[in-house]
Each structure stands twice: as structure tokens, then as C-alpha cells.
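In order, the protein sequence lines correspond to chains A and B. Each residue of the first sequence is one higher than the last, beginning at -7 in my numbering. Each residue of the second sequence is one higher than the last, beginning at -7 in my numbering.
Source of the hints: derived by calculation from the structure; they are not laboratory data. Worth double-checking, as some hints may not be accurate.
[What the hints assert, rightly or not] Not close to chain A: a few residues of chain B, all C-beta gaps over 10 Å, as computed: (1) 49; (2) 169; (3) 475.
[What the hints assert, rightly or not] Cut-off 30 Å, straight-line C-alpha distance, at most; resulting in silico cross-link-like pairs (BS3-like, lysine-lysine): (4) B:382 - A:54; (5) B:515 - B:430; (6) A:129 - A:54; (7) B:529 - B:475; (8) A:463 - A:430; (9) A:382 - B:54.
Idealized CB from N, CA, C, for every residue including glycine.
Protein chains: 2
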Amino acid sequence: MDGLMQNVPLTVDRVIDHAAAWHGGREVVSRDADGRVTRTTYAAVHADAKRVSNALAAEGIKPGDRVATMAWNGARHLAAWYGASCMGAVLHTLNPRLFMEQIVYIANHAGDRLLLADPAIADLVGQLLPQVPSIEKVVFLCDRASMPATAYPAVAFDDWIAPYPADHAWGQFGENTACGLCYTSGTTGNPKGVLYSHRSNYIHALMTLQRDALALSARDTVLLVVPMYHANAWGVVFSAPIVGAKLVLPGQRMDGESIYNLIEQEGVTYSSAVPTVWQMLLQYVQENGKRFSTLQRVTIGGSACPESIVRTFRDDYGVDVIQGWGMTETSPLGTVSVPNAAVAAMDDDAQLAHKLKQGRLLFGLDMKLVDDAGNRLPHDGKTPGRLLIKGPTIASGYFGGDGGDVLDGEGFFDTGDVATIDAQGYMQITDRAKDVVKSGGEWISSIEIENIAMGHPALANAAVVGVAHPKWDERPILICQLKPGASANADELRGFLTGKIATWWMPDDVLFVDEIPLGPTGKIDKRAIRAGLTGYKLPFEASR
Amino acid sequence: MDGLMQNVPLTVDRVIDHAAAWHGGREVVSRDADGRVTRTTYAAVHADAKRVSNALAAEGIKPGDRVATMAWNGARHLAAWYGASCMGAVLHTLNPRLFMEQIVYIANHAGDRLLLADPAIADLVGQLLPQVPSIEKVVFLCDRASMPATAYPAVAFDDWIAPYPADHAWGQFGENTACGLCYTSGTTGNPKGVLYSHRSNYIHALMTLQRDALALSARDTVLLVVPMYHANAWGVVFSAPIVGAKLVLPGQRMDGESIYNLIEQEGVTYSSAVPTVWQMLLQYVQENGKRFSTLQRVTIGGSACPESIVRTFRDDYGVDVIQGWGMTETSPLGTVSVPNAAVAAMDDDAQLAHKLKQGRLLFGLDMKLVDDAGNRLPHDGKTPGRLLIKGPTIASGYFGGDGGDVLDGEGFFDTGDVATIDAQGYMQITDRAKDVVKSGGEWISSIEIENIAMGHPALANAAVVGVAHPKWDERPILICQLKPGASANADELRGFLTGKIATWWMPDDVLFVDEIPLGPTGKIDKRAIRAGLTGYKLPFEASR
């Protein structure tokens, strides 16, 4: 027997409809590449999004067609986002910072029909167009006066939508309809597309709005530093309009001074970004003796948060740092490091230790740790296992069927991470599954050794990789890049690690290289390191 | 084209599963009728709920069958709640405070097969049983030692579930499956049943957990004074386990001293109740010079909140009062009076004036004001209209088809309330639609005149009703019940109202009665008043 409640689909047109109806006058502030600040409102973004839907329909865009954006965060990007999704098209966010060959691959794979681009990347678009024949039209997210000079035809966003009324009929589809497309920058193989549904984005937004998650409020002014092309913008593109927070979209400039000025000028209370941005901001603030007059809390995600950032924000500036974990495939938020009652009652050091973990699972999701055979592992804070996750906001597969069936027998998605979970339910990522060193049936965290080795003053960078071993399966070796002018030898580094890691974690060899290879997102490229080790033999073999 | 996210149904077994897995050791505290406090945990409630499902299956309960509870708030009631719902049966909460004839009507209408009852109401159950032949078995929510002596067969809950393992397979059904049944205590006609779905309860819980709604946290200790049989317990039966709040279930005793002691003993930080309970609590605290050492915020709903409660809590005890509005048909939360940015920037009096309104609409819902012809009315804070509401947590009809099609052409449910909505989106109930006085095409709020009249020191109670008028359609008359020993006449009351209400709102007559009739929930029974006015004529007619 079914319940007798209203059958109202969970679609994201309701998000911007709600913002326009109940927070219509709340500001959306954008800063363009020239540093110029423009102001609009949720009501005006809503009206522009309706015009976008009409403009797309006039271009022949049909439900399910992919409409790409490649742009920094701004109000026109926001209107394009809702304009495409709410008419039933798929809003595909392209990342302009990827290598050209990746962008070309992704745009072709997605079959993007329209490209709405930032005027600052007109040259990049010019290189892209000949290689992506599916793109029928380019719209620059600006007014006519700001149009870049191009050798290819393009139209200004404002001119493109101007002829159309703000009255498109939205949401004439089910809640499982595709809403957005975002590709993972996989470190192996080609990028793969995550196809969000209206339902998953709607539920994800509600999940993140809990007090024990991102806890946005109508009284917040939100600076969305996380790019809209990165992991669904952590859902803030949905959650801020839902609550009626003032939304500040910073454009391209991420340097400390630009971000600081925007925070102070707009009265920002909350912001979300990767650690690098916060490091640049804190450095600027410290060097210039600045204070934050309105900032209350920041969310950090994308990679593990250094303790120094948490301490500096908290102790020197009274700003609370909330660590979140997730990935493109998880909408993205999966865990949030907000204290439960037991942790809140702990002493300061213990609370901080928990805050530095990736955090507690959001309701609606299941999460498990398993060994290579798929057996569940204990939540003891010590035993590492592959991290798998399940829920209505988690990917079930990739666009076009890439990667095949990615769920296990219980319907869980393998994150590719190795993690521990402690007795309080706090998850901590210890390694990428492909980087963990499996030695004698136990798992050695490459990241943990790297982090400790990086404490040595002579090192500019450090990488640990596993090398095949006849008895132990694999053994770790440490690869070091020295700072310019610094020196250190293998024995010094072994001595430095002694006592800081378990004896059986001690690298069997220490190598020095001029430069540790990095991938496009700045992370260590272990695939390149492994390729460079072809023919390498562990010392005991080499000396045999 | 559909998105590629996991197909995980929104069912409430996930709520208690989540609580057991991630907040398993968090306490659930119950106080029984004797004042005895017992402690369990979410993990233990989860295990008991699994046993309940097995016990129900052994009794032949099938998906869709109604399982009734008639009990105060306690941990066994919670286990019964989840045990029934999570196996696909419908948990029907009967209100033991209704008149017997209403309970009989409701239980027969629902076709309840089992009754899980509080041992304190064994006599009431004894009266009920012969009149409700569908009830096959009675289980008292207690252990064997606490079993009441009865002339009819009954079993103790603990004995009933003891034989069964804690491993029932839950959730083998779709999210629209019926989950709970709760009857409205309609002031006209028979009670009607609202049939919640798993989906509606799940979404409602997420909606209420927003920081700008009830904002429960893992660090909260929640005292659920609102009965579990009243309007879905405001969703707290779901939201507290979701976040892992400690849950305190107070049983039957609602006097100020009992509630105060429970708050202090258990370290309660948050509680929800109707105004009467808070009035009794504040009176006790004031008369005995007590302080609250942990209480931070309280939610008030069920009827309009007197300003004195808000001021006393805030100014004397530092407790924030959050007003919520809803009804059984709305799951129940529809609006919450949490400040937006504009209101937060207002002066103290203006903020308080907004806090006393019923509040801002929760995301996911639509709300409109219409006139009798269904035309939308402005949100100017002045124009009253019929309040209609729509969304995935709003009823689409009643159990058994009672009342027929209750939605308008746009799919909105008519709340039966008359309200205004101001420029900040704050809704304020001004009257019940059937009590509003329609005079010359304008609407006069009976409640507003009553509230002002009640400021006269001689009045114990006041009621305003509309009387037919040949020119104006209706005109208001004021009916007064004097305090014992007090005196006042019609002219004095007209003089008292002059300047406080619009001249055309002035009652055409003032009548004095010994006692104004009240309904079962303590509200003025205007139907009875109107029945008593049969043959009454307005002064100008009577004197004609």
C-alpha cells in the first residue's frame, strides 16, 4: 500500500524557483577577470535562466542534449547552469585548467552541442573548436562590450538571451532525469563522466544543509571559491539559493589579496575551497597584518587539510575550519568533520586530531571498509581498508558505460581510496588504493611516510612507491627531491624516519631525483614514477 | 535521459540503521508513568525494532496492515514505531487523550490489527476492545513485572519480542510505501487519516535538519515533549536518530516540575512542545527560582506562541524560542520562524515581531495565499487569504478516500487557515478559514479581535464569531466570559477595543456568557457557539 502524500518530483528547478520566490532580492555578486564587481539577485538570475532555456530551445537543444560551460564562477554561469538543467538538458561543466588534449577528449566524449565560455579563455576556445565538431555555437558569458576578438563566430550571452521572455515551462520530467555532467580527472585512463540526476542534486543539497554538515543559513554570505566545474561545486550552487544566502562568485583570481578583499568588501561569513587557496589567503593576511571582520567558518576539501591551516584560522583569526571529503562520483560530499558529542567532550588535542580526519558519514549514505577479498574490516581507527560508499547521491556508473559495472555485490561504489574508520565513526583517508604498498599481507600507507619524510628540512618533495619483492610481495622505496642547495643522503633520511614509523614500514631504498613528476592537478604522478623505475632492482637484488 | 546515480530508495529503515551503525552507543532515555528512568541506546532500539518486525510477521502482519500504538513517548514505543514501519506495515499512532467515541471511530476506520499500548491506559484499552473487533492482540509497552491486571488477554512487550532474533530483512519495498498513519482531530466531521509514506518522512526529516529549521546536531540532547501520536512527532522520531542526538522521552508527566527535573538531570539542550507545556515549565521555574544549566533552544508549535513566553525564555533564561507551524497533513513542519538576513539586521522589537509570526517556508514546499475565487493575493503582510501548500511532504488525500479530492487545480492542499505573508516571506496565521468574518468583501480576523479583547482585565475568555448581515454578508460579535467576581459591560469593551482595531472591525454586539465552550484540545469550540446562537439577531434587526 502506498502512502497518500503528494507526488512532487525532486527537481532542481524548484531550487531556483524557491530562491526567486522567497529570497528574490538576495544578492549574487560576481567579480570578472578585470576585477570588476557586478551585482544581481536570485530573482534576476532566475529570470535569466528562463531566458537561457528559451534561447537553448531556439537553438534546437532537446532534453538530454549536453550544453557545456567552460568558465570561472559568475552569475551568468549560474544562469546558464539552471537554464540548461531546468529545461531537461544536461549542464556539462568543462574545466579550462585541464590539458587541451583532455578537454578535447572530454568535449567529444560528451558530445557537447553548445559551449558557453568565459571571455578570458577565447584563445583556448579557438584551439578547441576545430577538434570538437559537435559544438555548434559559442556563447561568451559577458555583455557585448566585453566580447573578445575571435577568428570564429561567437555571441555575447546578454545578446543571446535578450530576445526571449522569462517564462519557460520547467520541470516537465521525472526526478531521475539527467541534470549535470562532470568528468573526473582520473590519474589512470581517460577521464570518465559522472551524470548527476535532478534527484541526486536535490537530495545532496538537503544533506549538506544539515547543521552537522555545511550548515548554510539565510544569514550567511557565501564565497564560492570552489570552481563550478569542480565536483559539482560541492553542491553550493544549489544549497546557497535554497537557504537564501548571499552568494559571492570570485571569478578567476585566487591570490590571497584578491580573496581577502572580496571577503572584507562583501562581508563573507562562509567560504569553501581547497587547502592551497587558504594557504595563499593566510599568507597574505599574516604578511600584511590583516584581520577578518566577518568570516566565521571555512570548509576545506579536495585534499587533506594541513594542521597549520586549522590552527592558524582558529587560534589567530577565530575562524572554524570544517573538513569535508568527497569526490566527483559522490556529488561530492560524503563525510564532514563536525564533532559528535563524544568528540566535543574531548580535550583540545584530541578534538583537533578528529577535525583533521575526513569526518563522519552524512545520513543517507552507507560506507564500508573492506580487504582485497571484499570482507568488512573493523572500525578501530587502525585497520586500513578499501573505502566503498553507497547512497542516492553516489554514482552507479559512468557516462557512455565507461568503466563498466562499478558497483560491488551490495551496490557499493569503490572510491579507490584506502582509509580507516575510528570508534567515533570518523573516516580518515590513508592512501590511494593503487599507491598503497602491500607488504607481507599488510598495507603500508605511502602518504603517511611521505608526510613524515617531508618534515625533513632538506626535502622539497617526497614520494613513496611499492616495488615488487619475491618474499613480501612489495616493499616501499622513498624517492626524494632536494630543495635547491640542500643536501641529504639515504642514511640521514632513514635515521630521520626511525622511530616515526613502524620498523617494517622503513623504505628498503632511498633514491634522489632532480624533480618528482607532478600531474595536471599538482599531485605527485606515481604512474610516471613507476614508469621511470623500469629495470630498477631493490638493493638486495641488485647486490645479489 | 536519466542520470547515472544509484537507485537507493528513501525509506526510514535507513534512519534507524544509520543511528545504530554510526551513533549506536548514544542514549535513549525514557521515563515511565511512575517517574522511573530507564536507559537504552540507538543500537538496542534498532535490535528491538528488528525483533518487533519478526514478532509482527509471526502474528501474520503483512505489508500495508495497520499496527496501532496508543502510548506516551518511550523507547519501547520507538522500537515499535520502527519495527512496524520498516517491515512494510503501517504504524498508526492513536491519541489516548481523545474522547472514547473518537478513538473507537479511528481504530475501526484504520482497521488496526494489533494494539501496542501504554500500561497506564489498560482500563481505556478495556473499554476500547469490545468496540474495535479488528484488534486481534494487545501488547503492553513494558516488561512482565509492570504488566497491568486486565480482564482481557495481553502480553508484555519484552516477552512478546524476546523469542525473536534481531535480524529481520527491512526495506524490501519502494519509497512511496505507506509508513505511518495519523488522524487529524478535525473540528468538523469525523477525524481523517493522513497516510505518510517512507519518502515523505525521509524528506521531511532532512528538511527539518537544516540550520534554518530545527537544526538538530549530534551534540544535542533532545527532549521530545511533543507526543509521538501528535502530528508525526514533528519528525523528531526521525531527525534525532539521524544526527545521533541523545533522545529523552518523557512519558506522561508534563507538569513543570517533572519537565524541569528531566531537563536538568539529562542535560537537555533542545526541546519541542506546545505553548501550554512551556507556560507550566516557566511558571515552575519562576516560582522556585530555578535556572536552566544546559537548555539552549526550544521549538514551539501547535498554536500561536504568546510573546511573554518568547521574552521570558530569552531575557530571563537565555533560551532561544523557535516558532514552527504545521499540521498533521504537512508531516508536519511547513514554516519556521528563523531570521533571514534582513530580519537579523532589524531592531529588537522588529525581530521579535517576526519571531512571533509562524515563519518562513521550508525549501521543497510551495505556499500561496488566495481569495475565495482562487486568485493569488499579494505578500504585503496585510492582505489575508486562504493558505494553501504543496510539496512532497504534504498530504494528497485522506485514508480511505475520506474528503475526496482535496487538492486544487495546481496541486495545492488547502490548510483551512487564513494567513498573511509579509515582504520577508514570513507567514502569519490570522484565523481559521471557517471562523474568519467576511464583511463587505473584506476579511476580519476573529483571532486578532479575541487576542486584543483578552487584554481587558475582566475577561477570562473571549470569542468572536460572524453573524449573517443583509448588507455586509457578515458582521462580528464578541462573546465574553468574565473572570469570577469581575464585571464589565458592552460599552466598556467597545471602548477598550476602540483605537486598537479598525473601526469597521468593531463588533456589532457584545454578549456575556457563563462559560465559553471548549473542544477536546482546549481550543474554543466555535461550532458550539454558533449552535447556541440559533435565533440570535443583530441589534439593528432585533430593534427593527
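Right, here's what the structure says about each hint:
no., hint, verdict
1, 49, "holds, 17 Å"
2, 169, "violated, 6 Å"
3, 475, "holds, 43 Å"
4, B:382 - A:54, "holds, 29 Å"
5, B:515 - B:430, "holds, 22 Å"
6, A:129 - A:54, "holds, 15 Å"
7, B:529 - B:475, "holds, 26 Å"
8, A:463 - A:430, "holds, 12 Å"
9, A:382 - B:54, "holds, 29 Å"
Violated hint for the displayed structure: number 2, the only one.
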